[in-house]
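A.B. asks: Going by full-length UniProt numbering, the letters in the sequence shown line up with residues 1 to 187, in that order.
Check before you lean on any hint, since a few could be wrong.
List of simulated lysine-lysine pairs, DSBU-like, C-alpha gap at most 30 angstroms [what the hints assert, rightly or not]:
hint: 1; residue 1: K49; residue 2: K38
hint: 2; residue 1: K86; residue 2: K52
hint: 3; residue 1: K38; residue 2: K24
hint: 4; residue 1: K156; residue 2: K49
For each label pair, taking beta carbons as the anchor points, the in silico distance ranges come out as [what the hints assert, rightly or not]:
hint: 5; residue 1: E143; residue 2: D67; range: 15 to 25 angstroms
hint: 6; residue 1: G103; residue 2: E126; range: 38 to 48 angstroms
hint: 7; residue 1: K38; residue 2: Q123; range: 18 to 28 angstroms
hint: 8; residue 1: A65; residue 2: I12; range: 20 to 30 angstroms
hint: 9; residue 1: D77; residue 2: D137; range: 17 to 27 angstroms
hint: 10; residue 1: L3; residue 2: S69; range: 19 to 29 angstroms
hint: 11; residue 1: G13; residue 2: D137; range: 28 to 38 angstroms
hint: 12; residue 1: Y149; residue 2: E14; range: 38 to 48 angstroms
hint: 13; residue 1: M102; residue 2: E126; range: 24 to 34 angstroms
Keep in mind the hints are simulated off the structure, nothing from the lab.
C-beta atoms are modelled at their ideal positions from N, C-alpha and C, and glycine is treated no differently.
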Amino acid sequence: MILQMAGKFELIGEAADGDELYGKALELKPDLIISDLKMPGQNVIRSGKLLKEQLPTIKILILTAFDDSEDIFQALDGGIDGYIMKDTMPEQILHTIDMILMGYSCFQPKLERKKSTQTTQLQLTEREREIFELIVDNLSNHEIAEKLYISEATVKTHVSSILRKMGQPNRSQAVLYALKQGLVKMK
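Given only the sequences and the hints, what does the whole structure look like? Please build it.
C.D. replies: Below, the structure is given as structure tokens:
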């Protein structure tokens with residue numbers, strides 16, 4: 001409903017359960033799947049992982065009423081692109097979809113940084129820690145640049161350095177790593 005009102009998305013299919021979702025996605029090859037986490041049938045995280053193997057460009061957003069950190073860990077680990085709550089404002093849902101379609105991962109509930117200085121154990125500079133906190137808040141490079149009054153190229157350089165120091169291939173994996181290491185926690 002929100003998507004149709006926005007006028008820039010086309011609904012090409014619907015599924016009643018996880019098994020139907022998997023089959024229809026393979027048949028229709030959508031750009032984006034939006035699914036409930038607790039849909040009957042095959043688990044959407046498992047379906048998503050299998051779909052991404054066959055359709056690597058597909059984006060998957062979980063829209064749910066559950067903010068269990070274990071579900072979020074599984075979604076991150078399973079390659080899900082976004083995880084947001086059903087009570088999220090429509091404008092934020094649309095923004096999240098736009099970000100996902102641009103290649104960013106967006107997870108809600110927000111991740112909260114622990115009050116400790118554990119990120120210093122990674123030997124991140126003060127600026128890198130500041131940028132990583134904004135990555136955890138799901139800000140894009142452009143948004144980080146605007147917020148910190150620096151160029152987007154500078155942000156990209158810092159993000160590359162953060163990923164290298166964390167030994168992670170992308171932002172999502174860096175956040176997952178930080179969660180597992182206790183550097184951030186769920187709000």
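A.B. asks: Please go over all the hints and tell whether each is borne out by the structure.
C.D. replies: Comparing the hints with the structure gives:
1. K49 <-> K38: Satisfied, since the Cα-Cα distance of roughly 16 angstroms is no more than 30 angstroms.
2. K86 <-> K52: holds (24 angstroms)
3. K38 <-> K24: At roughly 18 angstroms apart (the allowed maximum being 30 angstroms), K24 and K38 satisfy the hint.
4. K156 <-> K49: At roughly 28 angstroms apart (the allowed maximum being 30 angstroms), K49 and K156 satisfy the hint.
5. E143 <-> D67: 15 to 25 angstroms: holds (23 angstroms)
6. G103 <-> E126: 38 to 48 angstroms: At roughly 28 angstroms between Cβ atoms, E126 and G103 fall outside 38 to 48 angstroms, so the hint is violated.
7. K38 <-> Q123: 18 to 28 angstroms: violated (41 angstroms)
8. A65 <-> I12: 20 to 30 angstroms: Holds, since A65 and I12 (Cβ atoms, about 25 angstroms apart) stay within the stated range.
9. D77 <-> D137: 17 to 27 angstroms: holds (20 angstroms)
10. L3 <-> S69: 19 to 29 angstroms: Taking Cβ atoms as reference, L3 and S69 lie about 28 angstroms apart, which means the hint holds.
11. G13 <-> D137: 28 to 38 angstroms: holds (33 angstroms)
12. Y149 <-> E14: 38 to 48 angstroms: Holds, at about 44 angstroms.
13. M102 <-> E126: 24 to 34 angstroms: Because 28 angstroms falls inside the window, the suggested range holds.
Hints 6, 7, counting from the list given before, are not met by this structure.
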